[in-house]
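2 protein chains.
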Amino acid sequence: MKEIKIFAPGTVANLGPGFDVLGLALERPGDTVIVRRTDDPGVRIASIEGDGGVLSHDAGKNTAGIAATETLRRAGVPGGVELDLAKGMPMGSGLGSSAASAAAAAVGVNHVLGEPLSPEELIACCVEAEAAVSGRHADNVAPAVLGGCVLVRSVDPLDVRRLPVPAGLHVVVVTPAFELPTRQAREALPKMVPMATLVRNSANLSALIHALHTGDLELLGRALDDEIVTPARMPLIPGCASVIRAARDAGSLGSSISGAGPSVFALCAEATRAGEVADAMMRAFATAGLTSTAVVSPADCPGARVL
Amino acid sequence: MKEIKIFAPGTVANLGPGFDVLGLALERPGDTVIVRRTDDPGVRIASIEGDGGVLSHDAGKNTAGIAATETLRRAGVPGGVELDLAKGMPMGSGLGSSAASAAAAAVGVNHVLGEPLSPEELIACCVEAEAAVSGRHADNVAPAVLGGCVLVRSVDPLDVRRLPVPAGLHVVVVTPAFELPTRQAREALPKMVPMATLVRNSANLSALIHALHTGDLELLGRALDDEIVTPARMPLIPGCASVIRAARDAGSLGSSISGAGPSVFALCAEATRAGEVADAMMRAFATAGLTSTAVVSPADCPGARVL
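Top to bottom, those sequences are chains A and B. First residue of the first sequence? That's 1 in the numbering used here, and the numbers climb one at a time after it. First residue of the second sequence? That's 1001 in the numbering used here, and the numbers climb one at a time after it.
Looking at chain A on its own, in the form it has when it is part of the complex:
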């Protein structure tokens, strides 16, 4: 039986002013999916590990299963697949856990079928999976599939672009031992935004894209400022404001909430600085009574791939 093992990375979405628009792939953590082609039609989830027993084995209620089903459907080939899912990252942490499972499954199924679908089509399959659990957005699944830093111009129809990433740029992500349901984080978002705030957000987002293209790291740091989503979610995450401040004080370029939180990320000009920044952020979470773990990753990592 043809079998393939795929790793898909966690991702940092909502990069500062880029809510629902910008995301980037991490080196680790990530999820692993083993895919076997079967004669029986449809998707069967054979095993799940690393989820603490909370994920459904029903392929229609699990992002790996939904993405696999959608990939099979679009490919239009007979037969089905069997999946072993190994969660390598916490759920509800703001690192795109559901997106990583979807990306690994879609890329894996496409691989065992002989790659009938394009990366963009696989992202569209993953969007269907995300829609079932956390809303119709692509800023986690697009970098989880493509790697790198990705701009999502449109979800329907899908229109995504990889952005250049300045050499040496690293990202620190610190995850506190605290679960923040994505739904609760979504509900905290403002429904309406004042025009003047929108203009400042547009200006920072434009500068962020320009800074990625030009490698202007100081501008990149300034442009990470977000007055809309970060302040709305900050009260849901103990210590969040002081963690972001600690990241800046320790010499990062800028810091904000990763995805829907509670993880907080910081961008650093080089790897050597990133360790100190991670330590400072973890100490700030500790002061707020939360233990946490940190990962440091280059900001330009590959997406889902065969192991």
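Think of the hints as simulated: they come from the structure by calculation, not from any bench. Incorrect hints may appear among the rest.
Stretch by stretch, here's where chain A covers chain B in the computed footprint (C-beta under 8 Å, at least three residues) [stated by the list, open to error]:
| hint | segment |
| --- | --- |
| 1 | 1028 to 1038 |
| 2 | 1047 to 1057 |
| 3 | 1188 to 1194 |
| 4 | 1217 to 1225 |
Partner residues are not named here, just some residues of chain A that face chain B (Cβ under 8 Å, in silico) [said to hold, decoys possible]:
| hint | residue |
| --- | --- |
| 5 | Arg-44 |
| 6 | Ser-47 |
| 7 | Leu-151 |
| 8 | Val-152 |
| 9 | Arg-153 |
| 10 | Leu-158 |
The following label-pair restraints were derived from C-beta to C-beta distances [claimed, not checked]:
| hint | chain 1 | residue 1 | chain 2 | residue 2 | range |
| --- | --- | --- | --- | --- | --- |
| 11 | B | Met-1192 | A | Arg-136 | 55 to 63 Å |
| 12 | A | Arg-248 | B | Arg-1162 | 25 to 33 Å |
| 13 | A | Arg-136 | B | Thr-1291 | 45 to 53 Å |
| 14 | A | Glu-187 | B | Pro-1235 | 28 to 36 Å |
| 15 | A | Glu-187 | B | Met-1192 | 12 to 20 Å |
| 16 | B | Met-1192 | A | Arg-305 | 42 to 50 Å |
| 17 | A | Ala-288 | B | Glu-1227 | 36 to 44 Å |
| 18 | B | Pro-1231 | A | Gly-60 | 37 to 45 Å |
| 19 | B | Glu-1227 | A | Gly-60 | 54 to 62 Å |
| 20 | B | Met-1192 | A | Gly-60 | 35 to 43 Å |
| 21 | A | Pro-164 | B | Met-1192 | 46 to 54 Å |
The model shown is predicted, which means the values in this text are computed figures rather than measured ones. For each residue, glycine too, the CB sits at the ideal point set by N, CA and C.
Guided by the hints, dock chain B onto chain A, whose structure is given.
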């Protein structure tokens, strides 16, 4: 008496989704200011032509006068200046008429003083002039001084960047014989914007910046879509919707309102197409009962300069 003659171009601001953030300089039309240094302190406006007699000769009530006064103040030198202002473009047309006067005056005064101020400082002087007549924004004055396509990340403190412009890109601007006061156009803006609309605007604006850097003209055209400012101002300009549609149908990359209107601009991949686009837009204004004039300009033109 040392005398210098300066031309500053009209500008297209509010480029699609880039309200108050993006603007670009035209080849023409523009304003001309002659500056003479005087022993008497302060700014005296000696003459104004081409304004139909509506502009004040009081240096405190005229953007050329205010920008000149601010430039003198920041330079901190003794003596003053005398200005002859020649308006080469209609006022209230959405082509940055007040900004062109300010830019020509600031650059001219700086020149006769031996260039003590940087281009960024001159833009800041022009922002003071704009603030007196049309709001505290820099998306007209920054390209009028620097030339090219300019991103305004922040007005206070001033933080602006020139963006790359794809080779061959041209802009068509059609100005109907219809005055739309900037104040009325500002009042038509929504006070609050729904979050989902903000996300789509952010996505298009990001794509616009990315397209300028990569020269992806198709993406540039798609990214010009604006659901916030253009629809709010469209009802104030007779025929606006059909002019924008005509620009697209005639083969432009995309089209939107220039500045606060009533001028409408379109971007074109090359100069040969621009003439047809201009004709189609003028015909659409004519159908709405308005005569109009058109200019075609490269999208990457110089800013204020000595003639």
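(message) Against the range 37 to 45 Å, how does the distance between the Cβ atoms of Pro-1231 (chain B) and Gly-60 (chain A) compare: consistent or not?
(response) holds, 40 Å
(request) Determine whether the Cβ-Cβ distance between Glu-1227 (chain B) and Gly-60 (chain A) falls within the hinted range of 54 to 62 Å. (result) Roughly 34 Å apart at Cβ, these two residues miss the hinted range, so it is violated.
(request) Take a look at whether the Cβ-Cβ distance between Met-1192 (chain B) and Gly-60 (chain A) falls inside 35 to 43 Å. (result) For Gly-60 (chain A) against Met-1192 (chain B), whose Cβ atoms are near 39 Å apart, the range 35 to 43 Å holds.
(request) Double-check Ser-47 (chain A) for me: the hint is only fine if its C-beta lies closer than 8 Å to a C-beta in chain B. (result) Violated, because the Cβ-Cβ distance from Ser-47 (chain A) to chain B comes to roughly 37 Å (cut-off 8 Å).
(message) Can you verify the interface hint for Leu-158 (chain A): is its Cβ closer than 8 Å to any Cβ in chain B?
(response) This interface hint is violated because 12 Å lies over the 8 Å limit.
(message) Please check whether Arg-44 (chain A) passes as an interface residue: C-beta within 8 Å of a C-beta belonging to chain B.
(response) violated, 36 Å
(message) Using C-beta distances, would you say chain A covers the segment 1047 to 1057 of chain B, given that this needs three or more residues below 8 Å?
(response) Since 0 is below three, the answer is violated.
(message) Does Leu-151 (chain A) hold up as a contact with chain B if the rule is Cβ-Cβ below 8 Å?
(response) holds, 5 Å
(message) 42 to 50 Å was suggested as the range; check whether the CB atoms of Met-1192 (chain B) and Arg-305 (chain A) agree with it.
(response) holds, 44 Å
(request) State whether the coverage of the segment 1217 to 1225 of chain B by chain A holds or is violated, taking the criterion as 3 or more residues with Cβ-Cβ distances under 8 Å. (result) Held - the segment 1217 to 1225 of chain B has 3 residues with a Cβ nearer than 8 Å to chain A, which meets the minimum of three.
(message) Is 36 to 44 Å respected by the C-beta to C-beta distance linking Ala-288 (chain A) and Glu-1227 (chain B)?
(response) holds, 40 Å
(message) Quick check: do three or more residues in the segment 1188 to 1194 of chain B have a beta carbon closer than 8 Å to a beta carbon of chain A?
(response) With 6 residues in contact (Cβ-Cβ under 8 Å with chain A), the coverage given for the segment 1188 to 1194 of chain B holds.
Violated hints for the displayed structure, listed by number in ascending order: 1, 2, 5, 6, 10, 11, 19 and 21.
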